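J.: The primary structure of each chain is shown beneath.
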Amino acid sequence: MKLQVIYCNHQTARLDVRERLAFTSDDQLAEAYTQFRGSFPGSEAVVLSTCNRVELYTAQDDEGGAPGHVELAEFFSRFHGIPIEEFFGDLLTHNGPDAVRHLFRVCSSIDSMVLGEPQIVSQVKNAYRRSEENQACGPLTNALFQGAIRVSKRVRSETRLAEGRVSIASVAVGEFARGIFDRFDDKTVLVIGAGEMAEETLRYLQDDGVREVLVINRDPQRAEVLAREWGGSGYGMEQLHDLLGRADVVVSATGADQPIVDAEMFRRARKGNSDQPVFVLDLGAPRDISPDVAEIDDNVFLYDVDDLQATCERNRKLRSREIERALGIIDEESDRFMQEVYHRATGPIVKRLREQWLEVSEQELERLRTKLGHLEEEDMGQVEQTIQRIVNKLLHPPLETLRNEAREGTPHGLLEALRRLFHIHD
Amino acid sequence: MANVTVFCFLASYSVALVVELLRLQKQSPTRFLGGYAFAAAGFLAHTLFLWNQGRASELPPLLSSSRDWTLVLAWLVVGFYLFVITFDRQVSIGVFLLPLVLALVAASYFVVSTPNDALLTARHGWTMLHAASLAIGMAGVLAGIVLSLMYLLQHRRLRHKYSGADGLRLPSLERLSRINWWSVMVSVPLLTLGMGSGLVLKMIGSAESLSLADPVIVVNGISWLSLTGVFGWMLLTPRATGKQVAWRTLLACAFLLLTVVSLLVLPQIGLESGHGGVVLHDDCLICRGDTL
Numbered sequence: 010m011k012l013q014v015i016y017c018n019h020q021t022a023r024l025d026v027r028e029r030l031a032f033t034s035d036d037q038l039a040e041a042y043t044q045f046r047g048s049f050p051g052s053e054a055v056v057l058s059t060c061n062r063v064e065l066y067t068a069q070d071d072e073g074g075a076p077g078h079v080e081l082a083e084f085f086s087r088f089h090g091i092p093i094e095e096f097f098g099d100l101l102t103h104n105g106p107d108a109v110r111h112l113f114r115v116c117s118s119i120d121s122m123v124l125g126e127p128q129i130v131s132q133v134k135n136a137y138r139r140s141e142e143n144q145a146c147g148p149l150t151n152a153l154f155q156g157a158i159r160v161s162k163r164v165r166s167e168t169r170l171a172e173g174r175v176s177i178a179s180v181a182v183g184e185f186a187r188g189i190f191d192r193f194d195d196k197t198v199l200v201i202g203a204g205e206m207a208e209e210t211l212r213y214l215q216d217d218g219v220r221e222v223l224v225i226n227r228d229p230q231r232a233e234v235l236a237r238e239w240g241g242s243g244y245g246m247e248q249l250h251d252l253l254g255r256a257d258v259v260v261s262a263t264g265a266d267q268p269i270v271d272a273e274m275f276r277r278a279r280k281g282n283s284d285q286p287v288f289v290l291d292l293g294a295p296r297d298i299s300p301d302v303a304e305i306d307d308n309v310f311l312y313d314v315d316d317l318q319a320t321c322e323r324n325r326k327l328r329s330r331e332i333e334r335a336l337g338i339i340d341e342e343s344d345r346f347m348q349e350v351y352h353r354a355t356g357p358i359v360k361r362l363r364e365q366w367l368e369v370s371e372q373e374l375e376r377l378r379t380k381l382g383h384l385e386e387e388d389m390g391q392v393e394q395t396i397q398r399i400v401n402k403l404l405h406p407p408l409e410t411l412r413n414e415a416r417e418g419t420p421h422g423l424l425e426a427l428r429r430l431f432h433i434h435d
Numbered sequence: 176m177a178n179v180t181v182f183c184f185l186a187s188y189s190v191a192l193v194v195e196l197l198r199l200q201k202q203s204p205t206r207f208l209g210g211y212a213f214a215a216a217g218f219l220a221h222t223l224f225l226w227n228q229g230r231a232s233e234l235p236p237l238l239s240s241s242r243d244w245t246l247v248l249a250w251l252v253v254g255f256y257l258f259v260i261t262f263d264r265q266v267s268i269g270v271f272l273l274p275l276v277l278a279l280v281a282a283s284y285f286v287v288s289t290p291n292d293a294l295l296t297a298r299h300g301w302t303m304l305h306a307a308s309l310a311i312g313m314a315g316v317l318a319g320i321v322l323s324l325m326y327l328l329q330h331r332r333l334r335h336k337y338s339g340a341d342g343l344r345l346p347s348l349e350r351l352s353r354i355n356w357w358s359v360m361v362s363v364p365l366l367t368l369g370m371g372s373g374l375v376l377k378m379i380g381s382a383e384s385l386s387l388a389d390p391v392i393v394v395n396g397i398s399w400l401s402l403t404g405v406f407g408w409m410l411l412t413p414r415a416t417g418k419q420v421a422w423r424t425l426l427a428c429a430f431l432l433l434t435v436v437s438l439l440v441l442p443q444i445g446l447e448s449g450h451g452g453v454v455l456h457d458d459c460l461i462c463r464g465d466t467l
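The listed protein sequences derive, respectively, from chains A and B.
Sequential numbering of the first sequence, starting at 10, is according to our numbering.
Sequential numbering of the second sequence, starting at 176, is according to our numbering.
Any given hint might turn out to be false.
[Stated by the list, open to error] Once the Cα atoms are required to be at most 30 Å apart in a straight line, the calculated BS3-like pairs of lysine-lysine come out as: (1) Lys326/A - Lys336/B; (2) Lys162/A - Lys134/A; (3) Lys134/A - Lys326/A; (4) Lys11/A - Lys134/A; (5) Lys201/B - Lys336/B; (6) Lys201/B - Lys280/A; (7) Lys162/A - Lys380/A; (8) Lys326/A - Lys201/B; (9) Lys402/A - Lys380/A.
Don't read these hints as lab results, they were simulated from the structure.
Fair warning: this is a prediction, and the values are worked out from it, not measured in the lab.
Use the sequences and the hints to build the structure in full.
T.: Have a look at this one:
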């Protein structure tokens, strides 16, 4: 069994690298899964692509046929049309228990830019769902992702990682927007995109007193629905230019694969308004706002997800004690998960062995019933129980040994020995 | 009580500044309370000192000597500092204000400390108006300098995506800009009133004619005009950016402060103008040097 992850994230790769490797739409992801299945038919796969990370989890029963680090990097290169040497150094890989531990850390938000942020759990769930829809996952990845979600719940309930300001949006609003504005009840907020991240941002902004909310989306109806929820107005993308000029706070979190606001557009929108500070938060990956928008004038304060890094590091330090506790839980759960995985690998042999022995005992019991027909039903029951106990006692030592061996890894040698000793066939 | 010296509150303010600097490293209730206690103790000693000085000269501290006037100015700044941190424990305003306070207290050693005999015969109403408006106006100028510096620093940090992990907690740009605007709006009319009342004092108190070519008058006039220029520009340009306001306020206020401090200190090193010393006129409290 081979379980591995190949990935780049906000700690290992710059935003521009992550942008190029990201899978930004469902269609792109579906195509990626199709190509992956074509290239590695025996392998399960789950892609986790968010603004902070691009990760590919693979699992395969047959270690020999599983793709390696380089083959997966070549897959990225082929799919995105990027020469491998341009990103190979930014990719990391983990195998076996380390891969499991990595996903558990990611899902528990230990690995997130903002420690304890809740969005990552739904992003992990969505990633698995997409894989399932594209028939790319299997029993191993299923167990892995179910385990990750279970561990994240445990971490959140047993530690204080999720307390306080934890999401990217809340840090951005709390640390940066409040550095610019004293109050928000007289500010106009423009939200571009109507996804989960946009909703999260709006919630924090409204907590800070924002009243006027404008929501823009490619689908105006979806914009309307979200805007109505927050007492604002929804618009289609064609209104972007006009609304940009009105906004004091711009939050963009779309899934666009290239910037939707460039410097020229922003300059024109701000014409006659350049004396007013504007806080622009680009939560998209790839970026929604061209970086040169920040150079238009001194009153444009543009931040993207990478800019939040320093603040997140500070949060991380403050919560280091909670991290220790969370890591303890993750280690414990990773070990347990791996034992289950190894144990699962012994399952078919154990099942066959037990079935074989029970079959023999059943045959012998049948003969006994024929020969000792005078026995009362109660006496025959006692005999059956005795034989059952004998079978169990005889099975116990080899199964116990197998279980102990499986704690350290799949006991291939022992399984082979059992197959040969007891003539067990798949 | 009678033994309180300048050194007492100078030392207290120095410790308060050190604690403020330590708070940049780590915010904690103990450090806040420590800094607050030292600043408040210094403020109390400062108040007692000025009280004693006033009683000794039988004049309000604002009028007793240039040294006391400088100390009253420092006292106003400390009062402002204590007021701010009472309501906002997080803000790092002490890092900016306390060095100014220490500079003013230290500068007081270099200015005239003897009471002015002329004031004993002068009209107290006019002299009090003159000294008080200049002192409060100058406190506004100092606030303008500090707020402009804080604005520019905060602006720089935000533009460079730096959120204050260094422990320096600054108010928002919007708040700094608003308070800065008011500091100029308040200080310029008060300074104008102080200078105008000084002229009135001169006219009613001396037969000597006032020379507009006097370098002291020229320097004072230019610095006042520059600040008044900023005042007018701010009134006429409501759409000015916060950064523009901060830079202009900083330059004009710093120029005025430099002028005033120079005029206070220069007489002590023997530099005099043809204006009866380095003074705007003989009765001007902040510029009269040793002629008071």
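J.: Enumerate the violated hints, using their earlier numbering and listing them in ascending order.
T.: 6, 7
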